[in-house]
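Chemist: Sequence lines, in order, name chains A and B.
Residue 1295 is where the first sequence ends in this note's numbering, and the numbering goes up by one at each step.
Residue 234 is where the second sequence ends in this note's numbering, and the numbering goes up by one at each step.
There is no bait here: all hints are sound.
With a straight-line Cα cutoff of 16 Å, these simulated EDC-like cross-link-like pairs (lysine to aspartate or glutamate) come out: (1) B/Lys96 x B/Asp164; (2) A/Lys1263 x B/Asp164; (3) A/Lys1263 x B/Asp163; (4) B/Lys214 x B/Glu77.
Some, not all, of what chain A presents toward chain B, calculated at C-beta under 7 Å: (5) Gly1187; (6) Phe1188; (7) Trp1191; (8) Asp1259; (9) Tyr1260; (10) Ser1262.
Just so you know, the hints here were simulated from the structure itself, not pulled from any lab data.
Here the structure is a predicted model, which is why all the values come from computation and not from measurement.
Just so you know, even glycine gets a beta-carbon here, dropped at the ideal spot from N, CA and C.
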Amino acid sequence: MTVERGRGSGGFWWWMMQRVTGILLFPVLMVHYVVTHLHTSHYVEYDKIAARVATPAWKFLNILFLTIVLLHGLYGVWNVLLDYLSKRPVLRAVLYSIVVTIGLALYVLGLVTIVPFSA
Amino acid sequence: MERQFKIYRFNPEAAPAASFQTYTVDIQHAWTVLDALNAIKWDQDGSLSFRRSCRHGICGSCAMKINGKNGLACEVQVESLKGVITVEPLPGFKVIRDLVTDMDGFFSHLEAVKPWLIAGTPPTDKERVQSPEDRKLIDGLYECILCGACTSACPSYWVNDDFLGPAALLKAARYVMDTRDDGLTDRLDVLDSRNGIWRCHTIFNCVEACPKSLNPTEAIVKLRQKLAALRI
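Just chain A, same shape as in the assembly:
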């Protein structure tokens, strides 16, 4: 029997995070989809979009979107990997580092794209 011991090691809070981000993702995704793909003019014009994403509300929404997408998506990937890594602690640590690094890199990339827009 190789069930790992240690109270709280199983990931309750990560599991809860996945549910919360999943619920949050739906309305944020709908707003993003409707505004950027349906309720838009015929031409995609940089100036119009830049003016919109420079507003504090849109910055907040985009940062929220970026955060929950990365948390939800990468934890989903990690959850799949974890199924295959129960007996491979070294590979688990390596892949965990890679997933976290990818997440941080994409988060920074997203932030440096969203934050600099100014009205």
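Starting from the known structure of chain A, fit chain B onto it as the hints suggest.
Modeler: For chain B alone, kept in the frame of chain A given last:
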């Protein structure tokens, strides 16, 4: 009526690889797959190995994969199956020989969840009384016959046999939901472990596989609710 049975054969002492062998059996009305396997073993090929005991769907010995679906050989009617009937050992478990699988891991996982009453008060000379309403809380949880069909059908278990699996978690829920039991915290180390309740991906294969029509996925959700109530 004659029916063909394509049966998984594996004898590590004779050949390293498994193969299928087809038998033709003269089936009588209302025969189960177990009746057909017995007919093969007794009249055609005594080397065929499989577990069986009660023949009444309560001992859980004869769980196997029949035409791609886990079930009890003593409960599946031959007349309910179409074409050549394929019989294989339970997937996910190591095969010892033919249809006999190694259940050691399965039972060690069961033992890990402490499947017995852990009462918070010392025993007296009287039984621990339970109201009919409280007793209803464990309906759908206590009926498990430990055949292994659910755990064997679980894709999470296929890739990670350290995962406790639906049978052990259903049994844990049977005691956690019992109002006479105070053992949730004693079981937390295992239930909340890396290979505990969070590894279930709610695929529902266990629900489809259970020959007793139980719902291990729902039991796991109940355990999660209990654990969430403790954490929040």
